[in-house]
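Enquirer: Take a look at the letters that make up each chain.
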Amino acid sequence: MTEETTLQGRFGRFGGRYVPETLMHALDELEAAYAAAQTDRGFTAELDELLADFVGRPSPLQKAKRLGEAVGHPSVYLKREDLNHTGAHKINNTLGQVLLARRMGKSRIIAETGAGQHGVATATACALFDLECVVYMGREDIERQALNVYRMELLGAEVRPVESGTRTLKDATNEAIRDWVTNVESTHYIIGSVVGPAPFPRMVRDFQTVIGREARAQILQAEGRLPAAVVACVGGGSNAMGIFHAFVPDSEVELIGVEAAGEGIATGHHSASLAAGDPGVLHGSLSYLLQDADGQVAPAHSVSAGLDYPGVGPEHAFLKDTGRASYTSVTDTEALDAFHRLARLEGIIPALESAHAVAYVLRDGGDFRARGPVVICLSGRGDKDVAHVARVEGRGRLI
Amino acid sequence: MTPRSISEAFERRRAVGQAALIPYVTAGHPRPDGTADILGALAAAGADVVELGIPFSDPLADGPTIQRSSFEALRGGTTVHKVLDALRAFRADSDVPVVLFSYLNPLVRYGMEAFLADAVRSGAQGLLVTDLPVGSDPGLEEEIAHSRLDLIRLVAPTTDPERVERIAAASSGFLYYISRTGVTGARASLRDSLAEEVRALRRVTEVPVAVGFGISTPDQAAAVAAVADGVVVGSALVQTLEERGTDAGATFVQALRKGMDRG
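Just so you know, the protein sequences line up as chains A and B, in that order. Start counting the first sequence at 606; every next residue gets the next number (the working numbering). Start counting the second sequence at 150; every next residue gets the next number (the working numbering).
If we strip away everything but chain A, and leave its shape as in the complex, we get (with noise of 0.2 Å):
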């Protein structure tokens, strides 16, 4: 019942490969390629060598003592996303997809980017194999993210400003996707997230499912039992479907996914198409989307420019529906706050995107004392975002 349907890439309804004509044979060549890498040894075998030598996996799970004092529960485990090269989550899926679109001949790799992680990750990954990279972002990400931006740069991407509609990740999508679809032949688009047409949201959580296998082992480990609940962000879902994967066998652990309610889900301004939007097709698949009576979607809004998407990874969108995951929010300001007081209480400072996570479990951590280990997915460091909290709170521009 938790397990996907295969037929056409869906989980359950959702899912699926709604694009233009134009891209149904690279998306076919894509899934071919993937089916014979997974049963390849070779292609494995590097990319372990990759995550262990390079990425400098495993990462971390840390217990959390102070953190854990705070919300009133002994046990409080962060697993240590963040000190991955590059600084987050998105390095596992970028290293798969760019051996797989060596495998395939593709000589240049396209992204769309939010708050520049997967920007980063895949510039880094371009670098490293000699690939030619362009990264597309919205004009507002690359103001609030300008640090990631020189990032890109440094590591050799070019970086597309996106002028068009939200001028957000949304957009900065649509352009890779136009880009995709004009140079399909020699190019290959590596998605960031578990969203996209078939087979990229079942690929990404693949690639990522390495969070949530080492996460398993080193709570059993640790506590000698599995977690009570386990709790991640989610934008697009990728570091969330990364760590629940693992876990979705396992029905005595809940599966916990944080949205970014903004302002607040009652002022429109927000982007938790779990909990406000409704099925219907964005970027080549069905899920859960931010629309408005006729069908066009909805502006985004985050503190988080990793969260600031309306739509959101079919997946999701199938473990809500049987309800094996359940899906929460909290406010820019909750996150905020998050952002402050891991950084004070654990010397640790998280993204924004991933003090989503760990504002949830300040807020309604002690609810699981008496029930097990909370485990938080800390996807990203916050570097990215010091001089944005800075600006956001008023202390004008630090760079």
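Fair warning: there could be bad hints in the mix.
Partial selection, computed: residues in chain B whose CB lies under 8 Å from chain A [to be verified]: (1) Asp207; (2) Gln216; (3) Thr228; (4) Val229; (5) Leu253; (6) Val257; (7) Arg258; (8) Pro282; (9) Asp286; (10) Leu303; (11) Asp309; (12) Arg312; (13) Val313; (14) Gly331; (15) Gln403.
Residues from chain B shown here face chain A by an in silico Cβ test under 7 Å; the list is partial [to be verified]: (16) Ala210; (17) Thr279; (18) Asp280; (19) Ser285; (20) Gly288; (21) Leu289; (22) Thr307.
FYI, nobody ran anything at the bench for these hints, they're computed from the structure. Glycine included, C-beta positions come from ideal geometry on N, C-alpha and C.
For this one, chain A is given, so just place chain B on it according to the hints.
Expert: Chain B in isolation, oriented as in the chain A frame:
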């Protein structure tokens, strides 16, 4: 008026050795209330079939011109209901067939069953859904196929031969061949291999083959008319309407027609 069928529109041209001209416009652009007049002017200027675009917030298969027209139409308050209203007003005094051109989400949101019924009632003859390729959603595809609308399908230069046969079998009205990989928009040149590609399509389908994407001048229209049953012109017309108004748009369509007949 009772509209002509799409196949009849193609047949009238084929009978005299000509190709059909199929202009595209975005509903609600450049003015929210001007669409019925524009459709009338295009029909009078020699359009055989008209493609009427339902604007969408995320037109990911479209280039800058049609993107801009879609955003402006939405800013002007264009909705699916208003697109159908404009079609109904046009239909009061024209028998030129109309293909509604849309992304999937606005139709799903409207309710596919209700949309198909209302589109037929408003006088549409065909439907093209950009992001509903053959096999992507058998339930929805069947629903459209069982309606009175022709389901227009796209074939791309990247489409595998076996898939072309599947698409041809699932098409009615005409088959729309995308002349190059990429998004919509005017281009300076067409692919050299176009004639051979269209011939290959004709071998697997009975329905007429129209070619679109990138056609912007009478000479290009003539070159395509020489090898295909129909010529679709979108971005160049949308831009003309935006910059120089309805009369200039009609004059442009007349010039395309003349070019095709001369060629």
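Enquirer: Output the numbers, in ascending order, of every earlier hint that fails for this structure.
Expert: Result: hints 13, 15, 20, 21 break, sorted rising.
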